[in-house]
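Here is what each chain is made of, one letter per residue.
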Amino acid sequence: MTVEAASLSARHSGQVPGHHQITFVVMLALLTMAPYGFYPIFLMKVLCFALFATAFNLLIGFVGLLSFGHAAFFGFGSYLSAHAAKVWGLPPELAILSGVAVAAALGVVIGGLAIRRHGIYFAMVTLALAQMIYFFALQAPFTGGEDGIQAVPRGFLLGVIDLRNDLACYYFVLAVYLCGFLLVYRIIHSPFGEVLRAIRDNETRAISLGYRIKLYKLLAFTLSAAISGLAGATKALVFQLASLTDVHWTMSGEVILMTLLGGLGTVFGPTVGAATIVTLQNHLAALGSWVTVAQGGIFILCVLVFRRGLVGELGRLLGNRQF
Amino acid sequence: MADDIMLETEGLTKEFKGFIAVSDVHLGVRRGTIHAMIGPNGAGKTTCFNLLTKFLPPTRGRIRYRGRDITKADPTEVARLGMVRSFQISATFPRLSVLENVRIALQRRRGGSFDFWRPAKALRQYNAEALDLIDMVGLGDVAETTAGELPYGRKRALEIATTLALDPEMMLLDEPTAGMGHEDVGRISALIRRVATARTVLMVEHNIKVVADLSHRITVLASGRILAEGDYDQVSRHPKVIEAYMGTDHAA
Ligand SMILES: Nc1ncnc2c1ncn2[C@@H]1O[C@H](COP(=O)(O)OP(=O)(O)OP(=O)(O)O)[C@@H](O)[C@H]1O
Ligand SMILES: [Mg+2]
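Those protein sequence lines, which keep their order, are chains Y and A. Under the working numbering, the first residue of the first sequence is numbered 1, with each subsequent residue one higher. Under the working numbering, the first residue of the second sequence is numbered 1, with each subsequent residue one higher.
Excised from the complex, chain A in its bound form (with noise of 0.2 Å):
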């Protein structure tokens, strides 16, 4: 059973100058499946992430993937054991183009990123895979572009071409789908479903509709705390949910 199990945190918790903002969490994230974690603003979903992904050290807690404790490892090296995240305020390299973007990636994954002495030519070699990626999330007429020139649904994309190309085991995806596009909002749910059959997936979320089509399995956060935790079903039954989210704007 235990290796069934991707990510996992026992005790999970993360203090703010006494302010706790994740408390206790203990999370398993099963293999091959898509995992949401939802909750109001402010109920310390982002900063799970961080903590997951090592962007910030725990207060306490211990956080294993693939059955290895990474709890002292750090950021560049858990996105080298293939967990690799994306951002909820847009990240991308707005100077460099949307395909030198996915490069970036695609370079790092298979080596000769210091290679100082080589002309920009040995780059080519990774375009016509990076334009499949970028073809895949919809962003095949921008090509070219400035990435910080995009509007910020299609930033969104481009942050998954470029998640994708690392072609992690597994993603963490914190609102992927914020500030979309209806179109753009099915494209992109419909390519997270896709991608994650050969992967894990773990994401935040506020679209409810997304959340209940992609999901197997559901957690909700209210103040750092798990108020919850199932599939759509019984989440979205669950009185204690009902009451932490009437209270907010939602309620959808």
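Here chain Y stands alone, though its shape is the one from the complex (with noise of 0.2 Å):
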């Protein structure tokens, strides 16, 4: 009995799975039509965050490696977008473009110191050094302090689009969210996707095979920075603002609990995480400070009885496949 190579299932020969295909599409029908239902300014919010905990998971997804500090690159990312925009005076395109950078270069540092360790020694060094991006942003005076930046233009997209009318904005902000949406799932189900998924299951095998996985770890930390910074970037223009609340480790947090909650390792769970919170904050905003015993609760619960989130269950539900 001996498989050709010819006659693979669509796993093996690297094909786009048909269920991955369609949920993509209705997705993307939801979201073109959702600012005929929903507040533009609500919806750029969700997403922001479902951009920033997509990157996010591809690294406790996908590589196993959990960060506590990822609201360094979501806050810097937001920093230079809005110090670009309002001060340098650039484009919306290349303020974004900025942030991006500044993100992956605080990635390759972040990230270099904090693979030497492993587990919650990891997840400790993040932690620190994300602090410490706290208090420099604190401090330093191109952030603005406490007041954060406030009023940034949101200019014209390539000098032709008026970023000011919410409706443009909402579809920029949704190619924006689509480009790093599609190049996650590019990553993952790349032949680098493949060994990182390797290095996960199996971190010492991959060494006796010659793999370098520092490196790998380190490529992979990098992009989930560049992309964190993108969300943070992008959020920046949206709102208008950046600010410290960008960088806390409260944002950190909820990261990890938006990926949680929607499915960690699943292709369309933190996105779907990432609109519930965002929608009970709204809803729970008149509550106040109830909105993070709320959270808390959710957390406990997904800890507890829902450890696959709610993308996972659902693919578990429907024939064990994953979304």
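Errors might be hidden in some of the hints.
Mimicking BS3-like on lysine-lysine, the simulated pairs with C-alpha atoms at most 30 Å apart in a straight line are [as the list claims (entries may be wrong)]:
#: 1; chain 1: Y; residue 1: LYS214; chain 2: A; residue 2: LYS121
#: 2; chain 1: A; residue 1: LYS17; chain 2: Y; residue 2: LYS214
#: 3; chain 1: A; residue 1: LYS17; chain 2: A; residue 2: LYS240
#: 4; chain 1: A; residue 1: LYS209; chain 2: A; residue 2: LYS240
#: 5; chain 1: A; residue 1: LYS72; chain 2: A; residue 2: LYS17
#: 6; chain 1: Y; residue 1: LYS214; chain 2: A; residue 2: LYS72
In case anyone wonders, no lab produced these hints; they're calculated from the structure.
Both chains are sitting in their own frames, so use the hints and assemble them into the complex.
Here it is in structure tokens:
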């Protein structure tokens, strides 16, 4: 009984699985029509956090590295794009790109230091370094300290599209989100992604096959940081604000919660998780600090009964598929 | 004579907090041979493998591979120099399929492993070669099965296929037939004999029949020391070896 290379299943011949294609098309349709049913500002917030969580999931879900410092990349991407748009007068696309660049550079440094450690120590190093970044943001003059950078101009995309219009801005953010989402999808389904899965599964074996695993982890970390920076940079333009909230450790906690709730290591989970949490925050805003309690409750629920997250559990019900 | 030796150690010693697991081992593995390392449980065989492949740093002693001192190398470097090991506790990538397991090794050898922008289709090019290797170890019927679901003996076979995919000059196999059924033991030992024609093999093995059939030379280890060395006839008649094995359940 021999398998011919030609008759292999979709998984082994590298085709995008049908259920991913269908889910993506449905998601795209919903997101395209969404501004006719929801406030664009709310939707843009969802998309920025969905992108952030998707970037974070690349690391925790596909490399098995729990970073507790991702706010540093989100926040600094946000600061730099706000500064570039407001002080340097750069157009939105370049402002965002400069946010991505600085987040990637930070990713190389923080990742380079953190990947020498494993498990909880890795998480602690990322947290410690992110706290240093937070205090830098608190002290450095260009971040505006407690006030942040306010009244950031959204500007004209490519010099023509006026992003002050919320609907135009929404479709721009949707495009940014889709680029980030598809990039992450490509990364986890690339030759590089295959090695990442192997390292996550059995690091020792990967070493014994001659893989320089630190370089793979560093590249994954940097990509995740850069895409987190993309999310933060976009968010700064949308809300015309970059503030300490974006670099605060609670932001790192929030992205963990979103990813966990949606489903670690799933493709669509982080987006669903982000949408759920942002919706909850909006509805519970009147309750003040009870929001934090509610989030804590969700966290405990996830860890105790919902191990796979919303999308993970759904996939299990739909015939053990990974969405 | 010296360049006839593929792998050589001098006074190799490993202490764990005062306990000496490997003691003053002088080993020489000749190019193109199958060299077996045997000994009772806890003799230090796996520790030796860990030292040779640099998964553990030696307390004392030197290691030379193809005339090159690798005492200070790291395990990745050792693998890249062409010395690849398998593990006693079966080491597969449990959530990857059998085919994906083997492809990972092929990918390492051929390059392109950092290409995060290329689609998964790029991995197709390895399928034919991977399937050949999978057939060779008798796993053709489970090529698309997730490795973690395989029974123990078949995981071992997968591990050998993965190791072979790197086309290593030297293979270190830690109990390659452990946990296998009778038929698979025959298949794997025939496979080892076949692939060893172009390589050097150092293996730890408890199955005395496999050792007798395959090995050109045998080193017997007990309590971390070399007790005896020679071909099968010499070793099996050695009084110290008989004595060391009488007290254990490996008296076969
Ligand atoms: N990391 C370690 N720390 C402390 N002691 C160790 C360590 N690794 C191995 N040992 C000890 O060293 C001795 C040799 O172990 P090793 O695994 O090398 O034996 P072995 O010859 O491979 O045995 P087996 O046939 O059971 O596989 C044992 O007594 C073991 O308990
Ligand atoms: Mg052993």
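Outcome of the hint check:
This hinted pair checks out: LYS214 (chain Y) and LYS121 (chain A) have alpha carbons roughly 25 Å apart, not beyond 30 Å. Between LYS17 (chain A) and LYS214 (chain Y), the direct Cα distance comes to roughly 29 Å. Compliance with the 30 Å bound is thereby established for this hinted pair. Between LYS17 (chain A) and LYS240 (chain A) the CA atoms are separated by roughly 28 Å; this keeps the pair inside 30 Å, and the hint holds. The hinted pair formed by LYS209 (chain A) and LYS240 (chain A) meets the criterion: a straight-line CA distance of about 20 Å does not exceed 30 Å.
Note on LYS72 (chain A) and LYS17 (chain A): the hinted pairing holds, with a Cα-Cα distance of about 21 Å set against a maximum of 30 Å. Taken as a hint, the LYS214 (chain Y) and LYS72 (chain A) pair is honoured in the structure, with Cα atoms around 19 Å apart against an allowance of 30 Å.
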